[in-house]
Structure formats: C-alpha cells, structure tokens
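**Student:** If you want the building blocks of each chain, they are given just below.
4 protein chains.
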Amino acid sequence: MSEPVKPLRMASGRLEALGDGIFSVAMTILVIELELPKIIGHGWEAFTKAFHHSWPGFLCYMISFVVLGIMWFGHRMMFEYIARTNRYFIFLGVLFYMIVCLVPFSTRFLAQDTFKWYAIMVYGLNLSLCNLTLYAQWLYGINRPTFLEIPLPAEVRKEARLLFLLSPVVYGIAIALSFVVPMASIIIFSITPVLYLLPNKLDKYMP
Amino acid sequence: MSEPVKPLRMASGRLEALGDGIFSVAMTILVIELELPKIIGHGWEAFTKAFHHSWPGFLCYMISFVVLGIMWFGHRMMFEYIARTNRYFIFLGVLFYMIVCLVPFSTRFLAQDTFKWYAIMVYGLNLSLCNLTLYAQWLYGINRPTFLEIPLPAEVRKEARLLFLLSPVVYGIAIALSFVVPMASIIIFSITPVLYLLPNKLDKYMP
Amino acid sequence: MSEPVKPLRMASGRLEALGDGIFSVAMTILVIELELPKIIGHGWEAFTKAFHHSWPGFLCYMISFVVLGIMWFGHRMMFEYIARTNRYFIFLGVLFYMIVCLVPFSTRFLAQDTFKWYAIMVYGLNLSLCNLTLYAQWLYGINRPTFLEIPLPAEVRKEARLLFLLSPVVYGIAIALSFVVPMASIIIFSITPVLYLLPNKLDKYMP
Amino acid sequence: MSEPVKPLRMASGRLEALGDGIFSVAMTILVIELELPKIIGHGWEAFTKAFHHSWPGFLCYMISFVVLGIMWFGHRMMFEYIARTNRYFIFLGVLFYMIVCLVPFSTRFLAQDTFKWYAIMVYGLNLSLCNLTLYAQWLYGINRPTFLEIPLPAEVRKEARLLFLLSPVVYGIAIALSFVVPMASIIIFSITPVLYLLPNKLDKYMP
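Protein chains in written order, with the working numbering: chain E, 1 to 207; chain C, 1 to 207; chain D, 1 to 207; chain X, 1 to 207.
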C-alpha cells in the first residue's frame with residue numbers, strides 16, 4: 001500500500017484494434033443477410049424482375065455499410081486526439097460497440113419491413129444511439145487532459161459536436177415522417193450519409 | 001547444438017491481436033442469433049407485443065456483450081504488465097479463447113430456455129470458466145519475471161485475484177438459485193456486470 | 001479560430017487494420033456457404049458422387065478465396081507507398097471495402113447458378129468493381145505528394161495500372177462469353193488469378 | 001527504367017494481421033455450427049441425455065479449436081524469424097489461409113458423420129494440408145536470407161521440420177484406421193494436439 005502509485009500507460013491501441021475488428025465483422029456480416037434473388041426463367045426480364053424484388057435488401061445493405069464506414073471514421077478521428085484511456089472511457093467504448101453491433105440486426109429489420117414505421121423507428125434509433133454513445137465517449141475523453149496526445153483546437157470541438165448531433169436530429173425527422181410518408185424516411189436515410197461526404201471545416205486539418 | 005541459445009523476443013502483441021479478433025467476432029455474432037420480431041398488425045400494441053415476446057433474447061444479448069467487454073478489459077489489463085510470452089502461456093491463452101468462443105453458444109441457450117436450470121447452469125459455468133482460465137493465465141504470467149514489463153504492485157495482485165474470483169462465486173450462487181427461483185439467477189446475471197463498473201482500487205493506476 | 005492549423009498525422013495504419021479485418025472475415029465466411037455433401041451409402045462411389053455434385057461450390061470457393069487474396073495483396077502493396085490519408089481517401093477505401101464484402105454474396109450466387117449468364121455477370125461485375133474502386137483509391141492517393149512515404153517510380157505507376165485494369169477487361173470477356181459458352185466464362189474465372197501469380201515487372205522491387 | 005531499383009520494405013506485419021483475423025474468425029465460427037441440445041423434460045437425466053446426443057459436436061469443436069490454436073502458434077513462431085516477405089511468400093500464405101478456412105467446414109463434416117471413413121479422411125486431409133502448406137511457406141521463407149530478422153539456428157530448422165511433419169504422418173495413420181476402427185481415428189485426433197503440448201527442444205529459446 002505504501003508503494004508509490006505509478007499510472008499505467010493505458011494506450012488506446014487495443015481499444016482501437018477491438019473497434020476495427022467489431023466494425024469489420026459488423027460490416028461484413030451485413031452481406032450474410034442478403035438473400036439470393038430467385039430467378040425464374042433465363043431472360044433479362046426474369047433477372048431484373050428478381051433483382052427488383054430484392055432492391056430493399058441491397059439499398060439497406062449499402063446505406064448501413066456507408067453509415068458504419070462514417071462512424072468508423074468518426075471513431076478513428078477521435079483517436080487522432082486521444083491516445084490514452086481509463087476504465088470508464090473503455091466502458092463507454094464497449095457501450096458504443098454494443099450499439100454498433102446491433103446495426104446488422106436493425107438493417108435486417110428494415111430490409112424486411114422497409115416501409116413500416118416500427119422498422120424505420122428501430123433503424124433510426126439504432127443509428128442515432130451509435131452517434132450519441134460515441135459522442136459521450138468523445139466528451140469524456142477530451143475533457144481529461146491526460147488523455148490528449150495533441151491539443152484539441154476549439155474549432156474541432158465545435159465542429160465535432162455539430163457532426164455528432166447532425167444525424168440524430170435528421171433521423172428523428174425521418175422517424176416522425178415514417179407515420180405519414182415512410183418513403184420520405186427511406187430517402188432521408190439514403191441522403192444523410194452524403195451530408196458527411198461534403199467538405200467541412202475539419203478538412204483543413206487533413207494532409 | 002553448440003550454438004549459444006539466444007531467447008526469442010516472444011512479444012505478446014500477436015496473442016493480443018488474436019484475442020482482439022476473437023472477442024470482436026464473438027461479440028458481433030451474438031447479434032446474428034437475435035431473431036427478428038414477428039409483428040402482426042400495424043399499431044403500437046402489435047409492436048410492443050412482438051418485442052415483449054423477444055425480450056429474453058435482447059437481455060441475454062446485452063448481458064453477454066457487456067460481460068465479454070469486461071473480460072476483454074481484464075485481458076487487456078493483463079498485458080499492461082505482461083509483455084512477453086512462451087509456449088505454455090500461449091496455450092493457456094488459447095484455452096481461454098476457446099471458452100470465450102463458447103459464450104455465443106451458451107447465450108443462445110439461455111435466450112431459448114431463459115428460466116430453465118440447465119440453461120442457467122451452462123451459462124453460469126461458461127462465464128465462470130472464462131474468468132478462471134484467464135486467472136490461470138494471469139497467475140502463470142505474473143510469476144515469470146522475464147514476462148513482466150513493469151513491476152507488479154502487491155495491491156494489484158491482490159485486487160486482481162478478487163476481481164477474477166468474484167464472478168465465479170456470484171455465478172455459483174446464481175446456478176444454485178436456478179433450481180428454486182430462476183428469475184433470481186437472471187437478475188444476478190444482469191447485475192453482476194454492474195459490479196465491475198463500480199470504482200475499485202485499481203482506478204488509481206489509471207491516467 | 002485564430003489558432004494556427006496543424007495538420008493531423010492521419011496515418012494509414014487503422015484503415016489498413018480495418019481492411020485486414022474485412023478481408024479476413026470475407027474470406028472466412030466464404031466457407032460458411034459451403035454445403036455439406038449429402039452422402040448416401042458407405043462406399044467410395046457414394047463419396048465421389050456426392051462431392052461431384054458439390055464441386056461448383058468448391059471451385060467458386062477456391063476462385064474467390066484466391067481472388068480476394070490477390071486483391072488484399074494489391075491493397076497491401078498500395079500502402080508500401082502511401083502512408084497518410086485524408087477523409088476522401090478513406091471514403092474511397094470504404095467504397096472499396098463495400099464492394100469486397102459483396103464477393104461472398106456473388107460467390108454464393110455463382111455457386112448456385114454456375115452456368116447461368118446472370119450469375120456470371122454479377123460475379124464478373126463484382127470482381128471488376130473491386131479492382132476499379134481500388135484503382136480509384138490508388139490514383140487519388142499517389143497524386144497527393146503529402147501521402148507518399150517513398151517516391152513512386154514511374155515504372156510502378158505504369159505496371160500497377162496494367163494490373164488494375166487487366167482483370168476488368170478479362171472479366172468483361174467472360175461476361176460476354178457467358179451468353180454463348182458459359183463454361184468458357186468459368187474457365188476464365190479459374191485462370192485469371194493464375195495470371196497474377198506469373199512473374200511481373202514489380203518483382204524486382206521485392207526483397 | 002533508368003531509376004535505381006530500391007527494394008520495398010515488405011514487412012511481414014500485415015500478412016500476420018490478416019492471419020490473426022482469419023484464425024480468429026475461423027476459430028469463432030466453429031461455435032456457430034454447434035447445435036443447441038434439444039432437452040425434453042426438466043430433470044438431470046433429460047439434460048445429460050440431450051448433451052450425450054451432441055457430444056460429437058462438442059468434441060470436434062474442441063479438437064479443431066486446439067488444433068487451430070497450435071497452427072496459429074506455429075504461424076506466429078515463423079514470424080519470430082521471418083520479418084520480410086515478397087509476392088511468392090505472400091501467395092503461399094494465402095494458400096495456407098485458404099486451407100485453414102476449410103477447417104470449420106471439415107469440422108462440421110466430422111461432427112455430422114463422426115465415425116464414417118469419408119468424414120475422417122476429409123478432416124485428416126484438411127489438417128495435414130494445413131501443416132504442409134505452412135511448411136512450404138516456412139521452407140520458402142527461411143531460405144531467403146533477406147527475409148530473416150535473426151539467424152535461424154540449425155536445431156530450430158531440424159525440430160521445426162519434425163513438428164511440421166508429425167501431424168500429417170499421424171493423421172495418415174488415423175485415415176488408414178478409419179476403414180477398420182473409426183473410433184481409433186477419433187482418439188488419434190483427440191490425442192495428437194496433446195503431443196504438441198509436451199516439452200520440446202524449442203522450449204529453451206523461450207523467455
């Protein structure tokens with residue numbers, strides 16, 4: 001007990017590695033859910049008809065894959081600033097991963113009941129919770145100076161908040177619309193990822 | 001034979017990487033087992049009724065995910081102290097991973113037969129064995145001075161033993177109770193992970 | 001706002017780690033799709049007959065595994081030159097991974113409808129798109145001097161283009177042939193990977 | 001063309017990372033194949049009867065997990081000596097991974113037809129080919145001086161050959177026996193991994 005307490009290194013590397021593993025599995029198993037189109041006949045029409053039937057599955061696959069990619073990117077960016085961790089930060093990380101791992105489930109749900117309000121709600125909530133739990137982890141991390149590898153510019157802090165909270169707001173609108181025009185919700189789900197591809201204020205920190 | 005024997009580096013990095021892979025797959029495939037709720041009707045009631053039906057699956061998913069997260073954390077902490085390995089240490093590691101990989105199986109079992117003593121027993125035994133095999137690996141590792149990267153404080157050694165043995169004891173109680181009040185066992189499974197989230201004596205070694 | 005902008009490191013390491021995860025999952029789940037041969041009887045004939053029945057599955061498994069291996073290799077080689085990334089480069093990477101993750105799907109499709117033009121077309125398109133999206137990422141990366149770790153020899157640039165565009169051309173021929181002699185398409189799919197194993201001009205950069 | 005040829009680094013790190021990913025997925029998906037025991041009744045007898053029914057699945061799971069663990073270990077040890085790669089070495093690596101990824105398939109086969117000669121043959125051949133392809137990679141690697149990080153003692157070279165060739169020989173015997181006493185083959189499969197746990201001449205190179 002009288003030994004001097006020397007803090008551990010608690011580098012973030014392994015938490016990042018676990019995350020890379022979880023994201024890569026979650027992204028890849030999305031495709032397991034894709035059903036093979038049942039093609040009756042041999043002509044072009046039979047083919048397009050069968051694929052026409054399974055387009056919701058493909059659309060949901062693509063949306064979820066890109067959304068997970070964007071979240072992975074946000075997660076990755078977090079660790080440009082944060083280099084050390086502690087027990088509570090890691091538990092917030094596990095919470096985030098738990099929500100991320102549900103995305104293949106809610107994707108399957110949306111692919112099955114594409115225009116039903118409950119599938120849209122579950123999907124929208126799932127994606128929003130991904131952002132919110134990651135944001136919680138981010139807030140915890142950037143407020144512990146010992147965690148930071150490089151100082152966090154005020155602008156990054158502000159822009160990150162915007163980016164973290166953007167999709168929960170947009171997905172909330174999608175959920176609300178699902179009771180009236182579910183097609184609008186699906187369009188919102190399809191367009192939101194594109195918003196994250198537009199140039200933003202953080203681009204100038206990129207090489 | 002007359003060449004001088006120069007020990008290999010045997011860094012722990014790849015064993016950790018294998019573990020990160022195994023944990024991330026085991027955690028992610030938990031969700032594959034989750035069945036889509038079958039919703040009949042369009043109203044709120046139909047939705048809640050269907051999800052009400054599948055809550056054991058979700059609860060088991062969440063418990064197992066958090067428990068695996070905690071075990072991953074323990075595993076990760078071990079390597080803050082241990083930086084080198086040998087053949088026997090690695091075999092103990094493979095044994096631990098083998099037990100960890102059974103968690104999705106026993107989770108599926110518990111989700112199916114939630115209040116049956118045998119499912120509770122298999123689940124409780126599985127989680128206990130995870131802790132015990134990890135503890136065996138830890139004991140082997142910390143008693144070989146060449147493995148240690150930094151000296152192991154006596155307090156850490158003591159607290160770690162407590163944390164390793166806590167859940168087998170608690171899960172033993174849960175198994176015993178399953179023959180009388182299986183609901184109590186499920187409550188214990190749900191609460192135990194929370195115990196690991198409470199502040200403990202190792203927190204002061206964190207940055 | 002008046003703080004000086006210091007570019008982030010944006011090392012490529014984590015994008016590579018995500019790719020390694022995605023490739024390893026995609027390659028391994030190919031085998032999940034393999035159906036167990038149903039063997040009726042006990043003799044050698046019953047055995048060979050059953051395996052004879054399932055050879056398309058095995059052949060597709062092997063082709064896809066080797067093709068994914070070659071793509072992983074190309075991906076890996078890219079990062080011998082490129083060491084830093086930015087948001088757009090990473091998004092191109094996610095796009096590439098999205099196409100890669102579809103390979104188990106189109107493999108399953110080809111294993112089911114081996115000699116149908118539509119399965120051959122989907123499979124050939126999938127593999128071609130893998131190459132083309134990786135090529136897009138490569139082109140983006142090598143044209144940003146800040147990304148490069150070592151200078152890119154002109155010969156490598158030229159040979160890489162050839163290797164990237166070789167398979168889309170060859171697979172285009174396979175797709176065209178599928179309407180006439182589908183067997184020829186399957187033979188082309190089987191032989192193309194071998195082309196990448198032949199000595200090429202980049203070998204002299206290898207240790 | 002007149003630029004001087006500077007060899008690439010071609011570090012083995014990413015090939016190892018791909019391998020860690022593939023092994024962790026292959027090991028974890030073994031458990032997906034495990035069927036839940038169907039328990040009819042509530043007593044101890046009903047439970048043991050149901051598990052008695054599914055013991056071949058569990059036994060095959062355990063054998064395959066430990067065997068894959070041992071192969072991963074051999075693979076890992078190879079990279080204590082080999083630190084650089086080239087195109088051909090990597091292709092041999094992909095070949096090895098392809099055989100490794102078939103292990104969950106042949107495990108499923110053996111779990112289904114435990115005492116049939118053809119399941120035993122497929123399983124034994126699969127494991128033998130794992131060893132032989134890894135041995136081919138090892139031979140290629142250790143004979144290229146530029147690959148080696150540390151010099152390879154003659155004793156290690158000799159002992160490694162023994163360890164690589166031990167299991168193909170033993171599995172050959174198991175396959176031969178399967179036509180007469182299939183139970184003997186299963187016992188051999190169960191015992192062989194233990195042989196790799198016994199002390200051997202390479203232990204003295206361990207820390």
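If you are wondering where the hints come from, they were derived from the structure by calculation, not from laboratory data.
Warning: the hint list may mix true and false statements.
Intra- or inter-copy, both count: the list cannot distinguish identical chains.
[Unchecked claim] Keeping only pairs whose Cα atoms sit at most 27 Å apart, straight-line, the calculated DSS-like set for lysine-lysine is:
(1) 158 x 204
(2) 6 x 49
(3) 49 x 116
(4) 158 x 201
(5) 204 x 49
(6) 116 x 201
(7) 204 x 6
(8) 201 x 6
(9) 158 x 6
(10) 38 x 116
(11) 158 x 116
(12) 116 x 204
(13) 6 x 116
(14) 158 x 38
(15) 201 x 38
(16) 204 x 38
Note that the structure is predicted; figures quoted are calculated from it, not measured.
**Student:** Sort out which numbered hints this structure fails and list those numbers smallest first.
**Tutor:** Violated hints: 2, 5, 6, 11, 12, 13, 14, 15 and 16; rest satisfied.
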